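Colleague: Residue-level listing of the chains:
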Amino acid sequence: MLVLRWAAAGTLIVALCAALWRAAHPPRGTTGARAALARYAAHPSAVLAVAALITLYVLSALAPLLATHDPIAILERSMSNHAPSRAFLFGTDYAGRDVFSRVLYGARISLSVALLATSIAVVVGTLWGITAGFCGGKLDALMMRIVDAFLAIPRIVLLIAVGTLWAPLSISALIIVLGLTAWFETSRLVRAEVLSIKDREMVVAARALGASDVAIVKRHVLPNVLTPVFVAATLGVASVIINEAALSFLGIGVADPTPSLGNIIRDGTPYLASAWWVALFPGITLVITALAYNLAGDGLRDAMDPRQVDR
Amino acid sequence: MTAPLLSVHDLRTYFRTSAGVARAVDGVSFDIAPNESVGVVGESGCGKSVTSLSLLRLIQRPGSIEPGSRIELEGTDLLSLDDESMRKIRGNRIAMIFQEPMTALNPVFTVGAQLAEVPRVHSDISRRDAWARAVEMLAVVGIPDPVERAKSYPHQLSGGMRQRVMIGMALMLSPALLIADEPTTALDVTIQAQILELLAEMRAKTAMSVLLITHDLGVVAESTSRVIVMYAGEIVEQAGVRDLFAQPHHPYTEGLMAAMPRAGEKRERLTVIPGTVPSPYDWPSGCRFHERCPFAWERCESEHPPLYQIGSGHVSRCHLAVEPERRATPHEPRAARTGVSA
Amino acid sequence: MTIGATTNAPLLSIRDLTKHFPITGGVMRRVVGAVRAVDGISFDVAPGETLGLVGESGCGKTTAGRAILRLIEPTSGEIFFDGADVRALDREPLRKLRRSMQIVFQDPFSSLDPRMTVGASVREGLTIHKLAEGRAADARVRQLLEEVGLRPEHASRYPHEFSGGQRQRVGIARALAVEPKFIVCDEPVSALDVSVQAQVINLLQDLQRAHGLAYLFIAHDLSVVEHIADRVAVMYLGRIVELAAADDLYALPLMPYTQALLSAIPVPDPEAKRERIVLSGDVPSPANPPSGCPFHPRCQHPQRDAACAAIVPPLELKEPNHWAACIKQLPTRITWAEQQAAGATKAPERIIPVRATA
Numbered sequence: 001m002l003v004l005r006w007a008a009a010g011t012l013i014v015a016l017c018a019a020l021w022r023a024a025h026p027p028r029g030t031t032g033a034r035a036a037l038a039r040y041a042a043h044p045s046a047v048l049a050v051a052a053l054i055t056l057y058v059l060s061a062l063a064p065l066l067a068t069h070d071p072i073a074i075l076e077r078s079m080s081n082h083a084p085s086r087a088f089l090f091g092t093d094y095a096g097r098d099v100f101s102r103v104l105y106g107a108r109i110s111l112s113v114a115l116l117a118t119s120i121a122v123v124v125g126t127l128w129g130i131t132a133g134f135c136g137g138k139l140d141a142l143m144m145r146i147v148d149a150f151l152a153i154p155r156i157v158l159l160i161a162v163g164t165l166w167a168p169l170s171i172s173a174l175i176i177v178l179g180l181t182a183w184f185e186t187s188r189l190v191r192a193e194v195l196s197i198k199d200r201e202m203v204v205a206a207r208a209l210g211a212s213d214v215a216i217v218k219r220h221v222l223p224n225v226l227t228p229v230f231v232a233a234t235l236g237v238a239s240v241i242i243n244e245a246a247l248s249f250l251g252i253g254v255a256d257p258t259p260s261l262g263n264i265i266r267d268g269t270p271y272l273a274s275a276w277w278v279a280l281f282p283g284i285t286l287v288i289t290a291l292a293y294n295l296a297g298d299g300l301r302d303a304m305d306p307r308q309v310d311r
Numbered sequence: 001m002t003a004p005l006l007s008v009h010d011l012r013t014y015f016r017t018s019a020g021v022a023r024a025v026d027g028v029s030f031d032i033a034p035n036e037s038v039g040v041v042g043e044s045g046c047g048k049s050v051t052s053l054s055l056l057r058l059i060q061r062p063g064s065i066e067p068g069s070r071i072e073l074e075g076t077d078l079l080s081l082d083d084e085s086m087r088k089i090r091g092n093r094i095a096m097i098f099q100e101p102m103t104a105l106n107p108v109f110t111v112g113a114q115l116a117e118v119p120r121v122h123s124d125i126s127r128r129d130a131w132a133r134a135v136e137m138l139a140v141v142g143i144p145d146p147v148e149r150a151k152s153y154p155h156q157l158s159g160g161m162r163q164r165v166m167i168g169m170a171l172m173l174s175p176a177l178l179i180a181d182e183p184t185t186a187l188d189v190t191i192q193a194q195i196l197e198l199l200a201e202m203r204a205k206t207a208m209s210v211l212l213i214t215h216d217l218g219v220v221a222e223s224t225s226r227v228i229v230m231y232a233g234e235i236v237e238q239a240g241v242r243d244l245f246a247q248p249h250h251p252y253t254e255g256l257m258a259a260m261p262r263a264g265e266k267r268e269r270l271t272v273i274p275g276t277v278p279s280p281y282d283w284p285s286g287c288r289f290h291e292r293c294p295f296a297w298e299r300c301e302s303e304h305p306p307l308y309q310i311g312s313g314h315v316s317r318c319h320l321a322v323e324p325e326r327r328a329t330p331h332e333p334r335a336a337r338t339g340v341s342a
Numbered sequence: 001m002t003i004g005a006t007t008n009a010p011l012l013s014i015r016d017l018t019k020h021f022p023i024t025g026g027v028m029r030r031v032v033g034a035v036r037a038v039d040g041i042s043f044d045v046a047p048g049e050t051l052g053l054v055g056e057s058g059c060g061k062t063t064a065g066r067a068i069l070r071l072i073e074p075t076s077g078e079i080f081f082d083g084a085d086v087r088a089l090d091r092e093p094l095r096k097l098r099r100s101m102q103i104v105f106q107d108p109f110s111s112l113d114p115r116m117t118v119g120a121s122v123r124e125g126l127t128i129h130k131l132a133e134g135r136a137a138d139a140r141v142r143q144l145l146e147e148v149g150l151r152p153e154h155a156s157r158y159p160h161e162f163s164g165g166q167r168q169r170v171g172i173a174r175a176l177a178v179e180p181k182f183i184v185c186d187e188p189v190s191a192l193d194v195s196v197q198a199q200v201i202n203l204l205q206d207l208q209r210a211h212g213l214a215y216l217f218i219a220h221d222l223s224v225v226e227h228i229a230d231r232v233a234v235m236y237l238g239r240i241v242e243l244a245a246a247d248d249l250y251a252l253p254l255m256p257y258t259q260a261l262l263s264a265i266p267v268p269d270p271e272a273k274r275e276r277i278v279l280s281g282d283v284p285s286p287a288n289p290p291s292g293c294p295f296h297p298r299c300q301h302p303q304r305d306a307a308c309a310a311i312v313p314p315l316e317l318k319e320p321n322h323w324a325a326c327i328k329q330l331p332t333r334i335t336w337a338e339q340q341a342a343g344a345t346k347a348p349e350r351i352i353p354v355r356a357t358a
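Chains as they are written, first to last, in my numbering: chain U, 1 to 311; chain R, 1 to 342; chain Z, 1 to 358.
Hints are computed from structural coordinates only; laboratory data are not their basis.
Do not rely on the hints blindly, as some may be mistaken.
Below, in silico cross-link-like pairs of lysine-lysine (DSSO-like), each with a Cα-Cα straight-line distance of 27 Å or less [to be verified]:
1) Lys96(Z) / Lys218(U)
2) Lys96(Z) / Lys130(Z)
3) Lys198(U) / Lys96(Z)
4) Lys346(Z) / Lys198(U)
5) Lys218(U) / Lys138(U)
Bear in mind the structure is a predicted one, so any value in this text is a computation, not a measurement.
Start from the sequences and build out the full structure, keeping to the hints where you can.
Modeller: Written out as structure tokens, the structure is:
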């Protein structure tokens, strides 16, 4: 039964990758989104990265269907810290729980938390940056000084401070906290882009046509700002994942017994010498995810510029 | 006839990219005599700038000069030289000035320092002597207050002055050939007049040859004695300047002349060359101008015309040379019918 | 006294338009001076007429064009368009007025949004002023593209897929979409090749005839301006120094600057005799214009003297419908006594110049 479900999951992953690959090789002469996809597909590292991310997200989303055991069920004590075997693919941890299932569920939580938190960060950062950049003057100065102040505090310290103050954090609270501490660089980035776009002749042209400021922002500034924002966002997800793992590792993030990649690693750290599998597998998953996002972000940078043609 | 200063034979510069091979310069041959001023006229995409960069071997990847090309300076084949020897030629025997003096000058060094660098790169001259020569050159090119000006940075000078500095840099070592790539296009017309006059003065003083690349027929008429017209990577017409303007042969040359509005000659509508310049990845078959030509016939589409001799020193790459009666039956060029405008 | 206006009521009327850009300096960023980009210009444009505005870089012509449309806020002066006082308008009425006053830019690449299809760019005006929506808008966009010489299928392509001349056509279509009466053409052909220039100039003329448009044609290429303009104004350091019908200006340039400009144009005729007036020196900075007549340091008028450095010449009627700003060219309202008081040694005369080149 389980094997069938895994086979189904595998097929789904392959199908998604194939569909994307087909979309990325359009007939010559197309433009717009499809051409961007094509340019993206020209980077082998980016392609692999996207494939890895698809795999991770599909597998972790389907965790309830694919897990071999209940991730929080404590099996008999005698089963604790067992090496990987056929029954327990990644072994068991100190409490006798199946590490494989825990990693699957943990990835589910870590990956979705990272994605949602980054979305919050992108939205807040973009709005802040556009307002500051477009309005200029004293408002701009004030807004950016606030950003500077927050940027001066090391992020992890900030997170720990906030986390401890409001411990224990529910998942939604964790997402909000991670999101609201990650938007500062984005706002700086967006503001810089807005400043450069504001003076471009195409904005003067829009004003000459009679466009209102709101219309100009919506139609011209936003689409041109989004490219660096998306790139920064993919790279940002990687760091949010690490931060969440760090918080969970410290005990401030996702609380026991709910698994998160971070707290699984924490569980395994005291036994690093004897039961190395407990910390290793979530660690590898974390590294692969962060790496995949980084490589995907790099490829995105070149792909999203409509002017990057072989001319 | 004296030996030519520069002899270019079948120059081909191709750019190989993932989109294909762009034949930017596709078989260009010409000579430049000592103390001669030659103009190269053409529009964007004709290959004139790539030609000039090829002469100095300044072409970077993915472009390369194809084997079979020959560029000889006073008998020496430049393409066979190693990098070190070529470096000795640049700035020394052949110098080049560019269209945008702001981007060609280094913004973090004073103009005096940049001028002084030229002789120091090529010889063991002392720093003080080099500076003195720099100041001297600034005076020669007509910069007021040269002693003070030598300490200025490029951004503190106007466009015209920057171009004078560039000319000065090019002339520091008295080159035999100066390649000027659209030197006045970015300048105002009164400043352009000054620069052209300066170039003429310099030529008179040093007997230097000039290869002047431009799209402006007026500049060519004034400053050169021989004109090369380029289109689609090839030379399509070459003649002495008087002959070219009195009796242009190639329909492209005629079209260019007709398309220019002239001060003092008001016309109702400007005559237009329909269509667009073809892509170097895909030169048309036969004559590369045939789709835009009002005289083209079947031969033009299938047979690539060679350079026919029209008169003394006047060649034209057009089949009208052998079938001149076709001039009597002009028609609408194919490009005008398909309605693709530039 | 309407400067150079036709007998009908002018469509656009500019009086003493000025734009000064403040220069800040010092630690506290105080205003230490001003770049006098436009320093008091006045002219009228009649409906359906083309007024050429020529001058070299730094003369303020581009700033003037944008100030007229209030894309740059003028420092002072009056702008009357179709009877309305443009400077007094609030934001909303100004937006609505923009339908009637449009602009075509010099650089066809930077004035189009690279992320919008060409069709979307042309359509923008229709959407803003609610002139058409949905299918009707699509149809109008296609019609406009055809009118400027592009194919309707091109609407779904992006700017980088077109050549410079084609992009300029898109810009023209975009301006036409809102049915303007007046278009500021800011060096529309300077960035184009000669054969492409000819095509675009012909297009502008055709459109003018078809729609009764008035143009302010800003350029530095005098041959192009002579071809397309009915009247021409010559600018130097933010001021208009000469204004006349195109034919008159080119046949009879009264100002030494205009004469120098015209003689500097390289003539594509190797046989032509060239008596070129080559100006010495560079154009002074508009942040620090010379006193009196802005042109006097480079002027080669035979009657130039100390008074030229002291008195700012007004733009005056010298010949029928031909204005010039020179106190040494009769008739002038600066009396000889006034000039002598300022240090004059040579009396003004009525000099009719002979055209320098054949």
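Colleague: For every hint, state whether the structure bears it out.
Modeller: Structure-based check of all given hints:
no., hint, result
1, Lys96(Z) / Lys218(U), "holds (20 Å)"
2, Lys96(Z) / Lys130(Z), "holds (11 Å)"
3, Lys198(U) / Lys96(Z), "holds (22 Å)"
4, Lys346(Z) / Lys198(U), "violated (52 Å)"
5, Lys218(U) / Lys138(U), "holds (23 Å)"
Checked against the numbered hints above, the structure violates only hint 4.
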